[in-house]
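Going down the list, the protein sequences come from chains A and L.
Everything in the first sequence is counted per numbering that gives the first Met the number 0, starting at 0 for the first residue and increasing by one.
Everything in the second sequence is counted per numbering that gives the first Met the number 0, starting at 0 for the first residue and increasing by one.
Check the hints yourself; a few may be wrong.
Straight line, CA to CA, 25 Å or less: simulated BS3-like cross-link-like pairs of lysine-lysine [what the hints assert, rightly or not]:
(1) L:45 - A:13
(2) A:13 - A:163
(3) L:88 - A:45
By construction, these hints were calculated from the structure, which means they are not laboratory data.
Number of protein chains: 2
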Amino acid sequence: MSQALIRKLQNFVKLSAAEQRAIERAGSERVRRIGAHEDILREGDKPNGALLIVDGWACRYKYLEDGRRQIVGFSVPGDICDLNVFLLKEMDHSIGSLTEVVVADLSRETLEGLMSGSTRIAHALWWDNLVANAIQREWTINLGQRDAVERMSHLFCELFLRQKSAGRAQGNSCDFPPTQAELGDATGLSTVHVNRTLQQMRSADLITLQNKRLVINDIDALMRQAMFNPSYLHLDRDGAHLDAND
Amino acid sequence: MSQALIRKLQNFVKLSAAEQRAIERAGSERVRRIGAHEDILREGDKPNGALLIVDGWACRYKYLEDGRRQIVGFSVPGDICDLNVFLLKEMDHSIGSLTEVVVADLSRETLEGLMSGSTRIAHALWWDNLVANAIQREWTINLGQRDAVERMSHLFCELFLRQKSAGRAQGNSCDFPPTQAELGDATGLSTVHVNRTLQQMRSADLITLQNKRLVINDIDALMRQAMFNPSYLHLDRDGAHLDAND
DNA sequence: CGCCGCTTTGATGGAGATCAACCTTCGTGG
DNA sequence: CCACGAAGGTTGATCTCCATCAAAGCGGCG
C-alpha cells in the first residue's frame, strides 16, 4: 500500500525492515477511495491528520475571489499532504483529486507513533517535508522567471523525477493525467497557450503527451530547455550516515 | 534580542515566562552582524542549524543559469530560516541581506533542546514553519494569477501584517527596505514596470513608499485591490487551547 | 564637485491573453 | 448500434500588459 512512500523515503535514508513494516501498517489503517475531480479537503476545513496519496493524482489549489484558480502543487503516489497541519484550525487551501485517488488518512496519533518510535522515520518525514517546501519555492521561480516552454518543461522534469524516485516511472515515461486546462491553472498560462506550447514542445521532439501518459524523448534536452537542476529534490541520500543496516 | 520571534509565536500560543526566557537565551548565544547586500548562506553550502533574523531584512533567492534571479521570500525580524534544514547536505537556495542584518545562529543542539524542553515551543516552531510554507504557496498564487498592481499590493499586505504580528509595525506603517529592482526580482516584473506600478498605486492613494518606509493609506482598499485574505497567515491563535497560564 | 546607485520617463516590440469557433473522443442511453 | 452531449483539444484573429532599450533625473556621499 505505501510502497511508493517507502521507496521515496529511501532516497534519504535506508529504513530497517521493521521501520518499513511500521510505515506499511500506518498507511493501511484508514484507506479511502475518492472519485475523479472531487475535493478531498476544502479550504476552511479543520484538518485532523495528514493524507497519504496511495494511488492516483491530486492537486492543491486555491481560488481568488474573482474565480481565477491557481494550482500550487501536484500530489502523486507516496506524497504526504501537510505533515503537522493538525496544528492549524483550518486549511488555507483545498486538495482535489485529478483522477480516481486512493488515500490513507494518517491520524495525528499514528504519525506521532511513527515518529517517536523511530527517529530515523522522523527524520525521513522531515526530509520529505523540506523537499516539499523546496518544490514550492521552485514553483515560485518557475512562475516568476520562466517563459511558457521553459515552464512546462520544468514541470515535466519535476513530475517525472518525483514519480521515478517513488518507483512510479517506467523507463522514460510516467503517468501524467492533468488536462490542458489544469496545466494552465498550474503554470499560470491560458488553456489556449498551454495547447500551443505543447505543440511547440512536441515538434521540437522533446516530449509525447497522450492518453494521460508522458514520454520524455530526450531528458537531457528537456532539462536543458527548462534550466532544470534536480538538486532541490535532494534525491542523493542526504541521510546516508543514518542508514539502517539490515 | 528575540522579542520579535516571541511576539510572533504568541500569535499561535501563549508561552510561559520560562519558555520566553529559553527562547531569549537561544537567540542570544551566537549573534553576528552582517553588512548590507551580502550573502548569509549560499546555494551549495552545508547548513548547520537555523538562522534567526534579529534585525534587518534578508531575502531567499535563486539564480537561473542564464542570470535571471527570483527572490522567493523576504525574511524580517523574528523569522527563522529553514528549521530542520540541517538534515540536508546542501542549501538549494541562497539567503542574502538587503540591509544590515543581525542574525543569531541556532545550532542543531540548541533547537533540539528548545523543542524537547517544551512541547509548547516545539508546536509553536512547527506552526511558524507551516505558516512559512503557506506564505510560499501564496507567492506561487501571486505570480501565477495576479497582475502587476494586485501583485505588489499583495506583497505589501503580507509584509505589513507579518511585521505587525511581530510587533514591528507602527500604526499603518512599517519598514520596507527593498529597492525597486529587488521588488522586481520578487514579483517577476521588470524594474521599469515596478516603478510604473508604484506610481499607479501612489496616485490611487493606496500607499506611500519612500525612505525605505511603507505607509499604507487605506488598508482595506489595499487588501481589496490585492484580493488579500489574511487567513493563510494563521494569526488567530490556533493553539489557544495549549496556552501557558502564567 | 562628481560619481554611483537608484528612480523616472519615453518609445517600441513581443509573449501570451482573450474571444470565438470548430473538431475529436468517448461514455451514455434511446 | 447509432445519436447525442459533454469534456477536452485545436485553430485563427485581435488586443493588452509588460519587457526591453535607451536616456535622463536625482540624491547622497566621498
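Earlier hints that do not hold, by number: Violated hint (a single one): 3; every other hint is consistent with the structure.
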